[in-house]
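*Asks:* This is what each chain is made of:
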Amino acid sequence: MGNGRLNIAFEALDRHMDTETAERTAIRFLARDSETPVDISYRALNERANRFANVLLDLGVKPGERVYGLAHRIPDLYAAVLGTLKHGCVFTPLFSAFGPEPIRQRVEIGEPAVLVTSKRLYQKKVADWVAETSSVRHVLLIDQLDEAPAGTLDATALMDAASGDYATRDMAPEDPALLHFTSGTTGKPKGALHVHDAVITHHMTGRYVLDMHPGDIYWCTADPGWVTGTSYGIIAPLTNGVTMVVDEAEFDAERWYRILQNQKVALWYTAPTAIRMLIKLGEELPRAHDLSSLRFMASVGEPLNPEAVIWGQKVLGLPFHDNWWQTETGGIMISNYAALEVRPGSMGKPVPGVEAAVARRTEDGIELIDEPNETGELVLKKGWPSMFRGYLHQEEKYRNSFSGDWYLTGDLARRDADGYFWFIGRDDDVIKSSGHLIGPFEVESVLLEHPAVAEAGVIGVPDEVAGETVKAFVSLKPGYPPDEALRKELMGQARKRLGPAVAPRHIEFREDLPRTRSGKIMRRLLRARELGLPEGDTSTLEGNRE
Amino acid sequence: MNRDELRNAVLEELSGIAPDIDLASFDDNANLQDEYDLDSMDALNLAEAVHKRLGVNIPDQDYARMHCIAELLDYLEKKL
Chain A
0 MGNGRLNIAF EALDRHMDTE TAERTAIRFL ARDSETPVDI SYRALNERAN RFANVLLDLG
60 VKPGERVYGL AHRIPDLYAA VLGTLKHGCV FTPLFSAFGP EPIRQRVEIG EPAVLVTSKR
120 LYQKKVADWV AETSSVRHVL LIDQLDEAPA GTLDATALMD AASGDYATRD MAPEDPALLH
180 FTSGTTGKPK GALHVHDAVI THHMTGRYVL DMHPGDIYWC TADPGWVTGT SYGIIAPLTN
240 GVTMVVDEAE FDAERWYRIL QNQKVALWYT APTAIRMLIK LGEELPRAHD LSSLRFMASV
300 GEPLNPEAVI WGQKVLGLPF HDNWWQTETG GIMISNYAAL EVRPGSMGKP VPGVEAAVAR
360 RTEDGIELID EPNETGELVL KKGWPSMFRG YLHQEEKYRN SFSGDWYLTG DLARRDADGY
420 FWFIGRDDDV IKSSGHLIGP FEVESVLLEH PAVAEAGVIG VPDEVAGETV KAFVSLKPGY
480 PPDEALRKEL MGQARKRLGP AVAPRHIEFR EDLPRTRSGK IMRRLLRARE LGLPEGDTST
540 LEGNRE
Chain V
0 MNRDELRNAV LEELSGIAPD IDLASFDDNA NLQDEYDLDS MDALNLAEAV HKRLGVNIPD
60 QDYARMHCIA ELLDYLEKKL
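Top to bottom, those sequences are chains A and V. Once you know that position 141 of the first sequence is 140 in numbering that gives the first Met the number 0, the rest is easy, because the numbers rise by one and skip nothing. Once you know that position 74 of the second sequence is 73 in numbering that gives the first Met the number 0, the rest is easy, because the numbers rise by one and skip nothing.
Honestly, the hints are just simulated from the structure, not real lab data. Please note that the accuracy of each hint is not assured.
Claimed, not checked - Derived Cβ-Cβ restraints for the label pairs, each shown as a range:
no.	chain 1	residue 1	chain 2	residue 2	range
1	A	Gln312	V	Asp73	36 to 44 Å
2	V	Leu22	A	Arg388	43 to 51 Å
3	V	Val55	A	His212	46 to 54 Å
4	V	Val55	A	Gly186	42 to 50 Å
5	V	Asp73	A	Leu532	43 to 51 Å
6	A	Asp289	V	Glu76	30 to 38 Å
7	A	Tyr479	V	Met0	34 to 42 Å
8	V	Arg52	A	Tyr479	23 to 31 Å
9	V	Val55	A	Asp415	46 to 54 Å
10	V	Ala69	A	Ala156	33 to 41 Å
11	A	Glu282	V	Asp27	33 to 41 Å
12	A	Glu370	V	Asp21	55 to 63 Å
Bear in mind the structure is a predicted one, so any value in this text is a computation, not a measurement. Virtual Cβ for every residue (Gly too), placed ideally from N, Cα, C.
The following block holds chain V by itself, in its conformation from the complex (with noise of 0.2 Å):
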């Protein structure tokens, strides 16, 4: 899978989780709580539900320290 699959698949994701985001303008570098407001639920859903798509589970402690979709992807492709 290359970074675009990769992103097209956790964005997908993501909007089933916050489908109020505008993917077309995504900025995969803003901060997800602050542009795009999604609270601490959210981000734990969105791992469960990149682990079930991608059968890569995130320890919480790392997920923890990731911000923006831009540090997801870059987890997410070291691992697969």
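Looking at chain A on its own, in the form it has when it is part of the complex (with noise of 0.2 Å):
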């Protein structure tokens, strides 16, 4: 855009008008019910991105002003996401599985001026408290409608009405441009807010990781109601001139592999809780199928097994490339590469222009460790473009992340003496589940909110297809029976509230739960009792003797 502006649409998008790029296919969209693709070019997209940008404007919707998506993986969303950024605003996803609790506090943190939605989510998770909340001034349904309910307005027609032409804002480098909200051990969710800047880690590392090239078929299968979606299932594919195929269904094993078969997939970025699904369904599957396209598959969310990689080998022919980011680093910075030699197991080496370290905390900083092999907490070395530029009214927290010139990243993980990461697990009691991160907190308060639950405490439980899943911990005040119906009670209204991605899949009474002597719950301690781990140092248990 010239003058060291930018904006991540028009890297994306507008940039390609004047190239072979704009008839190419950027969406091939597969819709739930049928497996015929709809193709949209990069002009088409752009021109319904610009039409998005356009109902903004006419609606008053200031550039800086917060735009929230709930929504299926459907084509207008991601004309949303970008339109969003063409007209300067900045963008959040919200997970469409989320329960309404989830969903309310996000808005309550990020305070949107519009929420993009469809009518079937809008009336279950939104409706009845959108307006208890002040900020949002509009509510867009982007499914096709026969009619807006009250309080909301039918996008899809005014995206029809609108102009398709529409001059993308130029934005400074450091202007906001994404807000992703991930969790905390404790307190509310942190919103992780990124720049137009980002764009530059996301062609790089769409590029040089995951090998895209202008005309590559490629496949992202995580939701763009994530960071993972955002990143590598808009924006990176797009400024590198790929067609991403998208698909509105949820997993299904032979669906998918028959879309790497007939869309004739190139590259394919997936996650380690649908490798280990497709993995249990063997093998007659997969070589039923021509999978002879893949050129390139990848995997991120959470360690993939290294028996995992070899099953890729094995079975598809190719190795699965694990990778390591977070929703703060806003992009992938460790990774195996296709030029390296996969190690299966490990998350790779960083990626060029990001320097990584292994450290251990110290009470004036942090100190790197140089010997190989040693465990320490993941650092990285602050400036990269996609760095969060901060946490939402969190300052204090957002200094505290760093350490020095060292992002902290709260995972523990070694580096062998040929320089490759490898991870070891958390350094807080943060659960990963499906590659999710799960705050216990926010999980705990709603347990908290029903009548009979004197305490909660919330744990990550290894699952062999999930990794991780949700298991509470639950005291009873007196007179409430521990019995089968109140522990189903409690589940129904945790997933009635929270959704099934976040609420826990097994709840255990308790007569008591391991307190500090200030009072905390001593998650740490509850995990160590269900796996049977060494308990650690527990004195600062309740109860114990100085």
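Got two chains here, each in a separate frame; can you build the complex from them with the hints?
*Replies:* Written as structure tokens, this is what we have:
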């Protein structure tokens, strides 16, 4: 755009309009009930995004204001994301499987002016409370409607009527573009803020890690309700001019193999949970499909077990290339590359421009560990373009994520003598289920709202498919019997409020839960006892003798 | 086991996994994912629970094709 200014959406769409990419397919959409693809060219997607930007303009939405998206994988969601960026607004994706509570909480923290969603999701998860929030001025529904419910606008019709021309706003590299929520151990979800400059990391990692070349058929199975589905399900593929397969349906092994075969997918970016489900289903299905178009397969979300990497090689003919990054890093930081020997079970080596190290925390900061194979906290030298620039309204938390020049990831890792990094675990109580971070506090808070619950402690327990699943330990107030009916009631309430992705899959009653003398539930001890691990330091445990 | 008994058994297992579902107004033909917010982990757990309860092993390939309880019941009826 010149003058050192840029816009993620310009790099993703406008930039291609004078090139042959303009007529290429940007989105190959597969509707849930059909596998006949609908192709949308870069030119058509650009025009649709322009229409959405004009809708925002006409509604008086100002650049810098926030727009939230809560929708299934339908083409107009992609147009809305890009139109939002074109107009200089900040986009936040929300996961459509969230229950009303996580959605409301994120709306209250981030105060969007606009919520983009579908009629069904609006009625099920938003309608009851949205009028009580002060920020949301417009609810835009992007599924084809007969009639928009009161309080909402039919955005499909508004987009149809709007102009397809829009001058994408040129932004400063440090202007905010994306707000991604992630979960911590305590307190509310954190909103990690990213800027337009992040597109440099998106583009470069798409090219060098995921091997994107213009015209490639690429399928990222991550939902655009999360950071992976935004960075690598929208931005990186478009800036690199590839064709992205967008499948509206949820996981279905047979359908997935058919898609890989029929759409001739060359690049496939997926997640350990999905890979493990495919492995469970055996080798017959993949062998019955022609998967010869596949050129490169990558995985992210949680460490991919070595067996899964090897299974890829044996059954699909290619290894999975695991890589590592976080919401806060905005893009891939450490990766097994096409050009490198894959070390199964390792997250690989830092991408060009990223400096990673293993460190131990000291009294006045951190100390880098040089010896190989020592476990410590994974740290990254700050300053890469897609680094988060803040936690919304939580300055101190942001500052505490750094020590000097280093960003502290909160992940434990080791580095081998050849420079490959290996994931060890989290150094906090955050749960990782199906690749999504779940804050135990969010779950405990909802359980505690029930009149029978005195205390709740929530941990992750190992699961062969999901990595971890959420388990809650609950102690009851006097007079409430710990029976099956109550257990179901608590689970039902949690699922209703939090959605299935966040709610506990198991609830166990306990007479009391281990607490520190200051009254905090010791989740670490709950977990150690549940898994039969050493209990570690219990000197602060309530009731222990000095 | 007739269809009603079968239905009761399956719904009982379903409510163990997703107690938020109101069985009184349950629609056998509604999509479990859209209407009742079941995710793929829930679906896997339901298949396992049904296997345990009725002794019918549902190969994942078959299971993936079932989107509502009516389809699951049709399948189970043939196997029992």
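*Asks:* Evaluate each hint against the coordinates.
*Replies:* Status of the hints after comparison with the structure:
no., hint, result
1, A:Gln312 - V:Asp73: 36 to 44 Å, "39 Å, holds"
2, V:Leu22 - A:Arg388: 43 to 51 Å, "49 Å, holds"
3, V:Val55 - A:His212: 46 to 54 Å, "48 Å, holds"
4, V:Val55 - A:Gly186: 42 to 50 Å, "46 Å, holds"
5, V:Asp73 - A:Leu532: 43 to 51 Å, "45 Å, holds"
6, A:Asp289 - V:Glu76: 30 to 38 Å, "36 Å, holds"
7, A:Tyr479 - V:Met0: 34 to 42 Å, "36 Å, holds"
8, V:Arg52 - A:Tyr479: 23 to 31 Å, "28 Å, holds"
9, V:Val55 - A:Asp415: 46 to 54 Å, "47 Å, holds"
10, V:Ala69 - A:Ala156: 33 to 41 Å, "35 Å, holds"
11, A:Glu282 - V:Asp27: 33 to 41 Å, "34 Å, holds"
12, A:Glu370 - V:Asp21: 55 to 63 Å, "59 Å, holds"
Going through the hint list in order, the structure satisfies each hint without exception.
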